[in-house]
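**Q** From first to last, the protein sequence lines are chains A and B. Taken in order, the first sequence gives residues 1 to 419; the numbers are from the UniProt record's numbering. Taken in order, the second sequence gives residues 1 to 419; the numbers are from the UniProt record's numbering.
Treat the hints loosely; a few may be bogus.
[Stated by the list, open to error] Each computed EDC-like pair below joins lysine to aspartate or glutamate, with the alpha-carbon atoms no more than 16 angstroms apart: (1) A/LYS113 with B/ASP376; (2) B/LYS220 with A/ASP217; (3) A/LYS197 with B/ASP47.
In case anyone wonders, no lab produced these hints; they're calculated from the structure.
Protein chains: 2
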Amino acid sequence: MDSITTLINTLGQNARTASKTLRSATTYQKNNALINIAEQVNKNRKDILNANQKDLTQGKDNKLDAALLDRLMLDDVRLDGIIESLKQIAALPDPVGEITDLKYRPSGIQVGKMRVPLGVMGIIYESRPNVTIDAAALCLKSGNGAILRGGSEAIDSNIALYACVRRGLIDASLNKNCVQLIDTTDRAAVTELVKAKDFVDAIIPRGGKGLVEAISDSAKMPVIKHLHGICHTYIDKDADTKKAINIAFNGKARRYGVCNATETLLIHASAVGRVMPELIAEFIAKGVELRGCKETQKLSKQIKKATEEDWDTEYLDAILSIRIVNSMTDAIDHIEQHGSGHTEAIVSENYGATRRFMTEVDSSSIMVNASTGFADGFEYGLGAEIGISTDKFHVRGPVGLEGLTSQKYIVLGDGHIRS
Amino acid sequence: MDSITTLINTLGQNARTASKTLRSATTYQKNNALINIAEQVNKNRKDILNANQKDLTQGKDNKLDAALLDRLMLDDVRLDGIIESLKQIAALPDPVGEITDLKYRPSGIQVGKMRVPLGVMGIIYESRPNVTIDAAALCLKSGNGAILRGGSEAIDSNIALYACVRRGLIDASLNKNCVQLIDTTDRAAVTELVKAKDFVDAIIPRGGKGLVEAISDSAKMPVIKHLHGICHTYIDKDADTKKAINIAFNGKARRYGVCNATETLLIHASAVGRVMPELIAEFIAKGVELRGCKETQKLSKQIKKATEEDWDTEYLDAILSIRIVNSMTDAIDHIEQHGSGHTEAIVSENYGATRRFMTEVDSSSIMVNASTGFADGFEYGLGAEIGISTDKFHVRGPVGLEGLTSQKYIVLGDGHIRS
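Just chain A, with the same shape it has in the complex:
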């Protein structure tokens, strides 16, 4: 067995053992650990920023692009954000142990469900060092052991932040192996981690589509995955004009680089005349490049031709594709064919149309007269999210504490036997 295999096995065994104690840790202990970690981050700002500086210097030497360096960068404001996030997670209700649906059955037993942790989570992420703390905090609060593997560009920052996590766990009398960091940048560690199904119950990859696909293909355990967000806003023939303009504009132009941004606008032919002139003007004024179908192009010379590829593209940029459709069926078919199952919005005052859209469109979030931009754990009241699942199995949409748990059955009797 080579050294990486040995390393992962050791981390895995430690995580398994620690997770068994964490499973029944009290809410007080877990919250206490979170607050301790926040204090450690606050106390060790200098060390963390020094470590981050090393990563940044290395990154510049390695010619990393500006966007990546920005994601990698920590400063006091970002550390404040990390500390605030820890406090918010501590303030959330503990999902573990919640008993629901406890009901008497004809046999006399009471049957209900108890929410329990999944076990050990493997979190594989790219260059944002704040994920080290976020992922640790969400796993901890949900009673799961965690093995963290961050991007190699952030290795020093991650080691410095992880030292705070470890100190916080120890100060709360929790097993220090409840959260572990893979502190080698050897890529073989990821390969081994996703094979370690005896120790890891689920993998959450956080990063680009390439990373997520590679991990999904090789993982031997379930993967909670977020592939991509090709989100649609559909303006129905019965859409309110003002709402349609606001929702379509906000869905695209609020922020460009987010997975819940609208990438394609679908609009019913009979709503075009009253909606599009103003909407096109707003987009152009904002500097959004418009790419349209043949009919759309007739509306303005500034609209480029959308190719077939456009309908399948997550721009994450100031670009919007637009298609005029002759029916809601055509809109739903377009979404079915080109969407990624992330988030779709309908704008309509028609009761039947909204009801049909909610039922027939198979995406993790369906917005009715609201912007696709609301698809977010905080907006949904989850308090924090570890990712957005574009899968259907286990959990869909923003994944908060509940998505990191499962439910077991509990049966209460008083000497009951089955006939």
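Given chain A, put chain B in place with the hints provided.
**A** Coordinates of chain B only, in the frame set by chain A:
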């Protein structure tokens, strides 16, 4: 592409297309199809029993053992059971479309969850022909397309039963491909099916541990799996004597060949004197072979020595292993080490002990003062079960209609945009 690959691709594409229509089929249509199928089974009893006779003759020629031939056998009583089961599933509430937790958020949007089908299920099972109907019915009611692959021993019975399913779907104006049967006995079809991740959203294997393990190892999509049931009953020092005897006896001796049967009895040393003499006598009178730890063996000459292997064995037979423990911690450790995460029971009148057992034991069902024999979809009120999941991801314990669904988010606004 060879013919099996082509076959599975065709079935898969058909299933995907059909599942999109089934997703928004009305409750009336689905129930109507179920009742139609029941009528078809009733009308075609002669054809079904003739086909089954062919399977039985073939099976005898192939020297199948008596237990397998019994599972394979259909008669009018068993067909009555199949018809009754269809009617029961039709009478269950439709899980699809259920909206829960719809709440206002500070932004003004309302966020809730809507229950939706998973998509297309692949069901792989062994020689019981009734599974053809049960699986078809549960998938249909939960809005999922289904591709069925039964054991080769039951091929003629399955084809005859499936003809009823298809007729029932057509008569209810549903796409006939909502349920499809793989009608070749070529084993390569299973290999191809579990690779067809573009068409199949989850696989449910129903059969022995060997089948389930083989499928889990090779499947490219999530598997809802039931590995095995090594269930424990723990008699605490504060157990009521009568309840302890009844629950332990019922857990083992109610039926031997079921996954929820108690395979190992753990008893606190201080309860042995008042519980074991009567309990041992009852087991011996019933013909149950007892295998005990050193301390247990002192109680009766008829108790054989339990080897290390016994603690890890699912007997599915009239055999019980018994271990005397000195504390509840020892009992929980034993379960952790040897259990399969299926079902464990505690018998105790002590509040703290029952609470601790419920929290610390990580199994899909925890029984407090009730027999392990209650771990069953019907007993839990699920109406029917497609299997029992010993996994933690997505669903644990008996899997009914809800386990075949997922939840998407719905957001209701009135022109809301995100700031």
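**Q** Against each hint, give a clear statement of whether it holds in the structure.
**A** Structure-based check of all given hints:
Proximity of A/LYS113 to B/ASP376 is assessed by CA-CA distance (about 14 angstroms); at most 16 angstroms being required, the pair is judged to hold. Proposed proximity of B/LYS220 and A/ASP217 is supported: the alpha carbons are some 8 angstroms apart, at most 16 angstroms. Note on A/LYS197 and B/ASP47: the hinted pairing is violated, with a Cα-Cα distance of about 47 angstroms set against a maximum of 16 angstroms.
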